[in-house]
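2 protein chains.
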Amino acid sequence: MKKENSVVDNLLGQMRSEAAAIFNSAVAAVNPQKAVKRFVRTDGAKLILGRSQADTVTLDLNQYERIFLMGGGKATAAMARAIEELLGNRIHSGLINVKYGFTQPLKFTRIVEAGHPLPDKNGVQGTAQILQLLESANADDLLFSLISGGGSALLVKPCSNIILAEKQELTRRLLACGAGIDEINTLRKHISAAKGGLMARTAHPATVVNLMLSDVVGDKTDVIASGPFTPNCSTYQQALDILDKYHLHNIPETIKTHLTDGFNGKIAETPKPGAAEFEKVYHYIIGSNILALEAAREQAIRLGYNTLILSSMIEGETKEVARAHSAIAKEIIKTGHPITPPACIISGGETTVTLQGQGRGGRNQEFCLAAALDITELPARVAILSGGTDGDDGPTDAAGAIVDPLTVKRGEAVNAPALRYLSNNDAYSFFKKTGDLLMTGPTGTNVMDVRLMLVR
Amino acid sequence: MKKENSVVDNLLGQMRSEAAAIFNSAVAAVNPQKAVKRFVRTDGAKLILGRSQADTVTLDLNQYERIFLMGGGKATAAMARAIEELLGNRIHSGLINVKYGFTQPLKFTRIVEAGHPLPDKNGVQGTAQILQLLESANADDLLFSLISGGGSALLVKPCSNIILAEKQELTRRLLACGAGIDEINTLRKHISAAKGGLMARTAHPATVVNLMLSDVVGDKTDVIASGPFTPNCSTYQQALDILDKYHLHNIPETIKTHLTDGFNGKIAETPKPGAAEFEKVYHYIIGSNILALEAAREQAIRLGYNTLILSSMIEGETKEVARAHSAIAKEIIKTGHPITPPACIISGGETTVTLQGQGRGGRNQEFCLAAALDITELPARVAILSGGTDGDDGPTDAAGAIVDPLTVKRGEAVNAPALRYLSNNDAYSFFKKTGDLLMTGPTGTNVMDVRLMLVR
Chain A
71 MKKENSVVDN LLGQMRSEAA AIFNSAVAAV NPQKAVKRFV RTDGAKLILG
121 RSQADTVTLD LNQYERIFLM GGGKATAAMA RAIEELLGNR IHSGLINVKY
171 GFTQPLKFTR IVEAGHPLPD KNGVQGTAQI LQLLESANAD DLLFSLISGG
221 GSALLVKPCS NIILAEKQEL TRRLLACGAG IDEINTLRKH ISAAKGGLMA
271 RTAHPATVVN LMLSDVVGDK TDVIASGPFT PNCSTYQQAL DILDKYHLHN
321 IPETIKTHLT DGFNGKIAET PKPGAAEFEK VYHYIIGSNI LALEAAREQA
371 IRLGYNTLIL SSMIEGETKE VARAHSAIAK EIIKTGHPIT PPACIISGGE
421 TTVTLQGQGR GGRNQEFCLA AALDITELPA RVAILSGGTD GDDGPTDAAG
471 AIVDPLTVKR GEAVNAPALR YLSNNDAYSF FKKTGDLLMT GPTGTNVMDV
521 RLMLVR
Chain B
71 MKKENSVVDN LLGQMRSEAA AIFNSAVAAV NPQKAVKRFV RTDGAKLILG
121 RSQADTVTLD LNQYERIFLM GGGKATAAMA RAIEELLGNR IHSGLINVKY
171 GFTQPLKFTR IVEAGHPLPD KNGVQGTAQI LQLLESANAD DLLFSLISGG
221 GSALLVKPCS NIILAEKQEL TRRLLACGAG IDEINTLRKH ISAAKGGLMA
271 RTAHPATVVN LMLSDVVGDK TDVIASGPFT PNCSTYQQAL DILDKYHLHN
321 IPETIKTHLT DGFNGKIAET PKPGAAEFEK VYHYIIGSNI LALEAAREQA
371 IRLGYNTLIL SSMIEGETKE VARAHSAIAK EIIKTGHPIT PPACIISGGE
421 TTVTLQGQGR GGRNQEFCLA AALDITELPA RVAILSGGTD GDDGPTDAAG
471 AIVDPLTVKR GEAVNAPALR YLSNNDAYSF FKKTGDLLMT GPTGTNVMDV
521 RLMLVR
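Line by line, the protein sequences give chains A and B. Residues 71 to 526 in our numbering are what the first sequence spells out, letter by letter. Residues 71 to 526 in our numbering are what the second sequence spells out, letter by letter.
Isolated chain A (complex conformation):
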């Protein structure tokens, strides 16, 4: 019996290590510096952008008078560093907004530290200076835009004489009356000097290389940081209609005046698809959830697994998502569908947790605890990992967790009933006791979550 147990332990231990290794490969693939260098190369004075034949663009660096860097987001300093390493003193100057503490040593680029997730005065001032930089750029200049998670809060500048507090007040009111995220974005993009393509308008006619590290489901360029270099299909008319729909009439006068002026044509509409402002803008999503999942897949293949990427766009209630994943693990063991063992099922995205308890945890730990409860009857050759690619799951020091069919039993052995901890949203405390936490420390990147399910 003892011998049998240790065989089980060895296999599970190996599978848990493999899961962690696959997760690490996924995170490494979206490291901001490496990701920039994968999409931006130089060959003498040639600047080669893109990865595939279809999206490759070659520019002649010598044709540009000045090269600027600008951007905003948590990983933007690391992205700027990669560009500085590539282009060195070809760079004229740069300015980026990052979250407090998220700096890197840079040579040509000034860093403004500002508020995130709540924007603050520093962010507004930094953004105003970035807009001046964009304004100064002309047709002979090349501009690198570096955008990553947090960009929407860090590239923030209300237009006309609207102040930040008024803009935030409007967002709060919209949320309170149940407006959808698309409706809120339509409003936001019409009271900003940066979002909804307005940075592209300001930079025009300079050439823009817009490098994005996406932390949003679906990787839409008009959603990432609210699309400062992307056409905005919505209109002032629609923005006003939304206010009407929710009977939001007593909003700040500055906002009302601005939107009415826009509707009446006194202020130009935000730039639409096909506008001249976008002719010289090149977009590249250099890091995203699907790129992380594809790297995970490659690593899993190297470890001998049959692999399947389910989707990088999984959203929804975490426990329910766990249940669907567990159902797939069960089927693999029972019938070899959707793939035969050794199997590695990979998925990503960002789920939500409807809080019902007072415990500590994050969506990845909650996923793992729910999954652990779903797989208690499975043989001891299943390992399930869920981790935030930023290494930071909820208000905890863990990235997530790794569980297996014995996890719930391990909990019982240390007087931790899994179901009770789950009901209290206290996955962190549970895994602290069972030793199932996944710890990576801050990774410096963020493309949402990666989930792995190994079945042997």
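Keep in mind that a hint or two might mislead.
One copy or any two copies: either way a pair holds, since identical chains are not told apart in the list.
Here are the computed lysine-lysine pairs in the DSS-like style, where the Cα-Cα straight-line distance is at most 30 Å [stated by the list, open to error]: (1) 177 <-> 107; (2) 116 <-> 104; (3) 404 <-> 290; (4) 479 <-> 315; (5) 290 <-> 326; (6) 116 <-> 290.
These are computed hints drawn from the structure, not numbers from a lab.
Guided by the hints, dock chain B onto chain A, whose structure is given.
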């Protein structure tokens, strides 16, 4: 523009037909009569059981003195008919319990119509007669046990002098105090004369061929109809412990006495794995969700689709399950994961709906309406179907629905806002207006639900 629309309509129309055809193949594969004949064949006096080399058993019909049929479930009459067609007047006699109205013309087998889902006196009397038949069988006899969905309510006979009302009262009390389904089954199996392997004990030493059409997630033989011919791992001790756990002390005296007698060894324990009672019992799951999904897969391949069976064991809140499926459709279109178009994703199981509204619908229609809302932004080359294999989704005359990215728009055009109908759990009324209902009529079988997602 008109031409383009009609191209879209043609493609979507074709895909919707294909989805319906694939669903029909899935249902046809678990038709009770066909399913029996797939697992039971004769060759002269040889009776050949099973489909694969591993599970094939050959019996000599001439070695048996008498052949009996017995069973219970909604599809059991059709199963009996198949056996009668195969064995004709080799059959001595038979007795089956079916739901009121679920009869078929049979020659050698008597049918008792009884209550379902709530068991009634007819069910108890029929079961008592079946137990007499089993009792009369001896070592030279062969017995076909035919079990399908509803078998648990239709093969019902409390043991000792417990009456049906007392047994039902206990189940109600257990449910009310939050007991799990495993706990409830442990109790049920210890106060029944039929469940938990007791029919196998009664039939012993006859040879038993136990043919099951499974309508439970996971297809466990001890769960299907509460396992009348399957070992019961739980004990009287555990049954009493569960009553203690929930402080259920003032239960009917008859039940208390029976369980205590069982605990004290005055009544034999239910038969355990390895018991002599099971030596001559052959189990075959002749129809199940995974068998339906595999048939769907074959049909989809014939129609030129790349296919993937996700899982036959999907449970959970319907809207959330829809969301996970939609995420996969989005990924297929965006990156070709998990499989490239033309893609057919297949899944099964049984989801739940937490009712919040007053409308009409079933879990399959709810799934489709939620999915329709998730895919409005996708190109018009996606079709999603969800249907109950019994042709009977909730309290409606539809089996389910078929939706596509234009379904929500079709709703708007007839003044039916999809989100509002979904919030009111009123998918049936919505689809009645949009023409998206899937109608099959009663199919005579039930292996839970089949979901299909076609992407071209």
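So, going through the hints one by one against the coordinates:
no. : hint        : result
1   : 177 <-> 107 : within (18 Å within a copy, 78 Å between copies)
2   : 116 <-> 104 : within (19 Å within a copy, 69 Å between copies)
3   : 404 <-> 290 : between (38 Å within a copy, 11 Å between copies)
4   : 479 <-> 315 : between (53 Å within a copy, 20 Å between copies)
5   : 290 <-> 326 : within (29 Å within a copy, 64 Å between copies)
6   : 116 <-> 290 : within (29 Å within a copy, 65 Å between copies)
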